[in-house]
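A.B. asks: Protein chains in written order, with this note's numbering: chain A, 1 to 260; chain B, 1 to 329; chain C, 1 to 393.
Worth flagging that the hints you see were computed from the coordinates, not collected in a lab. All C-beta atoms, glycine included, are put in the ideal place defined by N, C-alpha and C. Among the hints, erroneous ones may be present.
[What the hints assert, rightly or not] Restricting the straight-line Cα-Cα distance to at most 20 Å, the calculated cross-link-like pairs of lysine to aspartate or glutamate (EDC-like) are: (1) A:K2 to A:D54; (2) A:K199 to C:D23; (3) A:K189 to C:D36; (4) C:K303 to C:E292; (5) B:K289 to A:D242; (6) C:K293 to C:E268; (7) C:K211 to C:D45; (8) A:K198 to C:D23; (9) C:K282 to B:E297; (10) B:K16 to B:D204; (11) C:K38 to B:D241; (12) A:K198 to C:D22.
[Stated by the list, open to error] Not everything, but these chain B residues come out facing chain A in the computed CB check (under 8 Å): (13) A113; (14) A145; (15) I185; (16) G191; (17) F301; (18) D306.
The primary structure of each chain is shown beneath.
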Amino acid sequence: MKIAVLVKQVPDTYGDRRMDPATRTVDRGSADPVIDEINERAVEAALQIKEAGDGVTVTAVTMGPVRAVEALRKALAMGADSAVHICDDTLAGSDAMQTSEVLAAALAGRDFDLVIAGNESTDGRTAAVPAMLAERLGMAQLTFLRTVTVSGGSVSGERMTGNGYVEAQAPLPAVVSVTEQSAEPRFPKFRGIMAAKKKPLQTLTLAELGLPGGEAGGENSWSRVLDVTARPARTAGTVVTDDGTAGTQVAEYLAAAKLI
Amino acid sequence: MSQVLVLAEHVQGELKNNVAELLAAAARLGEPAAVVVRQPGTGAQLTARLGELGAAAVYVADVEEADALLVTPQVAALAAAVAAAGDVSAVLVGTSIDSREAAARLAVRLGAAFLSDVVDLAAAPDGVRATQQAFGGAYTVTATAARGIPVISLRPNSVPGTAPAAQAQEIRLAPGPNMAAAARITARHEGQAVSTRPELTAADIVVSGGRGLGSAENFVLVEQLADALGAAVGASRAAVDAGYCAHTMQVGQTGTTVSPNLYLALGISGAIQHRAGMQSAKTIVAINKDPGAPIFEIADFGVVGDVFTVVPQLIEAVNARQAVGSPAG
Amino acid sequence: MARTGTPPTALELFGIDGLLSDDELAIRQTVREYCDGKIRPHLADWFEAGSLPARELARELGSLGALGMHLEGYGCAGMSATAYGLACLELEAADSGIRSLVSVQGSLAMYAIWAYGSEEQKQEWLPRMASGEAIGCFGLTEPDHGSNPSGMRTYAKQDGDDWILNGTKMWITNGSIAQVAVVWAATDDGVRGFVVPTDTPGFSAPEIKKKLSLRASVTSELVLDSVRLPASAMLPEATSLRAPLGCLNEARFGIVFGALGAARECLETATAYAREREVFDKPLAGFQLTQEKLANMALELGKGMLLALHLARLKEQHALAPEQVSLGKLNNVREAIRIARECRTILGANGISLEYPVIRHANNLESVLTYEGTSEVHTLVIGQALTGLPAFR
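Could you build the full structure based on these sequences and the hints that come with them?
C.D. replies: Shown next as structure tokens:
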């Protein structure tokens with residue numbers, strides 16, 4: 001069985017994340033790039049399936065700038081067997097439609113039985129790429145899972161919904177995504193870190209994927225960003241110290257603002 | 001006039017409460033029309049109801065196992081409706097997981113732009129103007145569809161007002177057998193007990209509790225205030241991690257993003273990750289015993305005090321007001 | 001233009017990361033993330049309660065590869081001296097007690113068996129100790145013999161092929177939770193080492209309470225009351241006091257890095273605090289006296305780091321002399337405790353609270369200053385190296 005795990009490098013949410021109004025894209029210099037935490041859970045889900053089965057291989061796949069290779073190294077150090085890095089200068093600023101097209105081109109023809117992604121990245125938060133990939137690859141889609149189990153020719157798990165969860169099952173091949181409630185990712189072991197260097201890591205350009213470069217990147221995206229403005233900082237309003245009547249004061253404030 | 005298709009989500013014939021807003025938003029861009037996927041023999045009243053909410057046309061797909069198959073029936077129905085309508089200027093869906101994923105797949109199927117989590121919409125001569133927020137509201141982004149029909153997921157409480165009622169014409173879709181490989185729901189575990197409270201993402205008022213509540217038992221205080229206000233219940237990551245409440249309630253960077261009219265933060269310090277999920281609320285009220293809590297930097301009204309004395313008094317005051325008469329607005 | 005984002009840390013200002021390889025950075029990162037996720041959130045509670053889930057931690061640290069990580073073979077990770085030092089630094093940035101657990105396991109107990117043990121002893125203990133399944137301790141110090149171990153009273157008497165051990169060891173990290181103790185005892189033939197399973201009759205290890213330092217660490221007394229051991233329990237290659245001193249040299253090397261971790265944590269805490277805390281309507285960090293403190297601490301931290309890395313590279317070339325380790329231990333622990341105390345002043349009253357890591361590190365470093373060779377002894381080692389004249393007694 002062959003599993004692909006999609007990983008993405010994003011600005012660290014603990015840092016000061018900024019957008020660049022001039023280029024209208026994420027300012028990748030403003031916060032430390034790290035492997036998206038949710039992708040580590042995707043890697044963990046894949047590794048647990050690998051450890052529970054025989055002959056399972058895990059390939060980490062990313063699309064991103066040169067430094068995104070660090071996200072792949074981390075996946076390899078955690079225990080993935082090989083990695084694919086789609087790296088092409090023309091990809092900068094791609095939207096979900098373009099990203100899913102490129103990823104689909106990289107995944108197609110490699111006979112993956114299961115594609116595992118995080119449910120949404122912490123920078124784009126579109127949560128669309130896994131669904132788009134299922135559509136493009138003609139695979140079943142089983143997303144927003146907090147548990148993932150493979151048995152026989154199907155994958156099943158608990159899918160989170162707005163007010164609880166459902167149990168669902170899909171035939172393989174399938175695209176699944178995991179939520180932050182899925183299994184806690186392992187820490188890379190020291191030996192895993194050393195072994196990661198010797199694992200195969202393939203770097204591909206758009207041309208090598210057979211995709212025309214003229215349709216890639218922010219200038220050719222399906223959705224076009226016209227303007228980016230930083231939101232004016234929210235300023236503090238009235239702050240009172242409770243003198244025994246603060247609960248009543250809040251009610252009066254809400255009533256005056258016609259909120260109750 | 002070109003049509004704007006709205007995916008009208010419903011639970012066994014009961015429309016979700018974001019459908020009226022989606023139709024109001026659709027009216028800004030063209031003629032509102034609704035798309036409904038239902039189990040055969042159910043939801044007979046949906047067309048009339050959607051007409052009252054402004055839909056001039058209702059495309060109905062009767063699909064065996066509509067409730068059991070994940071997302072694919074909605075994608076097929078939307079695609080069939082776009083084909084049947086001919087002139088479509090946009091497709092609007094809500095922000096439920098199902099809706100967003102159906103929209104994402106539809107965009108691929110149509111060769112269209114996907115604009116997600118939109119907070120404002122307007123028509124422009126060269127297409128739709130969609131306003132989005134990035135990094136938890138720190139940036140406002142204006143985007144448009146460069147190619148194809150824009151497929152848009154609209155965040156609740158973004159577009160005020162309602163569309164004028166219309167006489168809805170019902171059009172039956174025959175999307176045909178579901179050809180796409182699909183996931184099947186085998187069991188549902190969805191909160192029946194808390195169904196009287198509004199859904200967190202769509203709620204007009206959200207009351208959230210943080211670590212300041214101190215225990216799961218004390219978290220009841222948050223629920224009591226929420227019930228007094230008819231609000232949804234949220235929580236900070238710290239409260240969820242401490243086991244005070246369910247994970248589905250988490251508001252913040254890695255949880256749910258909310259933008260209600262009113263957000264009440266009880267015993268929440270306001271770490272940047274929490275603020276990212278709620279700072280686009282129109283009014284923020286915070287109660288915290290620590291005067292240095294960062295939540296006060298963004299609160300419109302803050303109380304430095306003990307939640308266990310302030311909140312019961314607030315609940316009493318709210319109940320007293322509601323006993324006197326129906327509030328204005 | 002106003003400064004945006006966070007200014008560089010002291011070690012970033014020194015450009016330290018440029019001296020490290022990708023592997024070293026990756027190992028540092030994984031230890032840092034482990035500490036952030038599994039250790040830091042609990043430290044104040046562990047310290048206050050004076051207890052530590054040491055067995056669970058040992059298994060997790062073993063799973064990472066942190067136990068005996070600089071040793072080759074027998075399930076050990078075989079990492080470089082620099083990688084080992086960086087791991088110690090990250091662990092001690094969390095708490096000296098956590099680093100002590102790892103140091104004693106890897107550099108004292110495991111190293112003693114690895115360097116001086118028989119093949120059978122290595123096979124029996126090292127893989128289990130590397131995985132954290134078995135915890136080891138190291139008994140050299142005695143109640144009345146700290147800096148002068150040659151005066152030890154613990155005595156091993158031969159009885160046929162067996163050995164019978166009697167005596168008491170003191171201040172033994174991991175003692176009460178260990179499955180195996182490496183115990184040093186005087187014999188008629190000089191000091192020898194013994195591998196003692198802790199379930200051997202006559203062995204007991206009562207925990208030492210009422211500590212105000214290293215509270216997130218298990219410290220014990222070892223009592224040997226006619227402990228009978230077979231001949232195979234003796235470490236065959238350890239034939240004098242040089243052997244345990246060799247082990248201590250290994251552990252000291254980890255401290256050279258580790259102490260800087262404690263200092264780094266204090267300095268970063270104090271710097272962040274000073275930038276946020278306002279006095280007289282401006283940030284504390286904007287006052288010259290504060291900046292002088294921060295600048296001087298940054299200098300010492302950076303210099304200590306350069307020294308530590310230099311010693312690590314020497315160790316990797318098998319060119320590190322014991323008196324050079326003394327340079328590192330004396331300087332880096334001495335400067336670390338100064339930094340911790342100075343940071344305490346920047347935090348004002350908050351400096352004494354367990355809500356911040358500073359007082360915990362300052363208190364821990366009191367132990368680190370003394371164990372594995374006191375500052376006084378390292379001073380005299382350096383003095384002897386410079387003059388050729390021993391001045392210990």
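A.B. asks: It remains to establish, for every hint, whether it holds in the given structure.
C.D. replies: Cross-check of the supplied hints:
At roughly 11 Å between alpha-carbon atoms, K2 of chain A and D54 of chain A fall within 20 Å of each other, so this suggested pair holds. Distance check on the hinted pair: K199 of chain A and D23 of chain C sit about 14 Å apart at the alpha-carbon level, within 20 Å; holds. Annotation: proposed proximity of K189 of chain A to D36 of chain C holds, straight-line Cα distance about 16 Å (limit 20 Å). Restraint check for K303 of chain C and E292 of chain C: satisfied, since their Cα atoms lie roughly 16 Å apart, inside the 20 Å limit.
In summary, the hint linking K289 of chain B to D242 of chain A is supported, as the alpha carbons are separated by about 9 Å, within the 20 Å threshold. Taken as a hint, the K293 of chain C and E268 of chain C pair is honoured in the structure, with Cα atoms around 13 Å apart against an allowance of 20 Å. Proximity of K211 of chain C to D45 of chain C is assessed by CA-CA distance (about 15 Å); at most 20 Å being required, the pair is judged to hold. Among the hinted pairs, K198 of chain A with D23 of chain C is consistent with the structure: their alpha-carbon atoms are about 12 Å apart, no more than 20 Å.
Proximity of K282 of chain C to E297 of chain B is assessed by CA-CA distance (about 18 Å); at most 20 Å being required, the pair is judged to hold. Under the criterion of a C-alpha separation no larger than 20 Å, the hint pairing K16 of chain B with D204 of chain B is consistent with the structure, at around 14 Å. A hinted pair counts as satisfied when its Cα atoms are at most 20 Å apart, and K38 of chain C with D241 of chain B qualifies at roughly 14 Å. For the suggested pair K198 of chain A and D22 of chain C, the alpha carbons sit about 14 Å apart, so the restraint of at most 20 Å is met.
Using the Cβ-Cβ criterion of 8 Å, the hint placing A113 of chain B at the interface with chain A is satisfied: the shortest such distance is roughly 4 Å. With 8 Å as the threshold, the beta carbon of A145 of chain B comes within range of chain A, its nearest partner Cβ sitting at about 6 Å, so the hint holds. Because the beta carbon of I185 of chain B sits about 5 Å from the nearest beta carbon in chain A, less than 8 Å, this interface hint is met. For the restraint placing G191 of chain B at the interface with chain A, the shortest Cβ-Cβ distance is roughly 4 Å, inside the 8 Å limit, so the hint holds.
For F301 of chain B, the interface hint holds, the least distance from its beta-carbon to any beta-carbon of chain A being 5 Å, beneath 8 Å. The criterion of a C-beta within 8 Å of any C-beta in chain A is met by D306 of chain B, whose closest approach is roughly 7 Å, and the hint holds.
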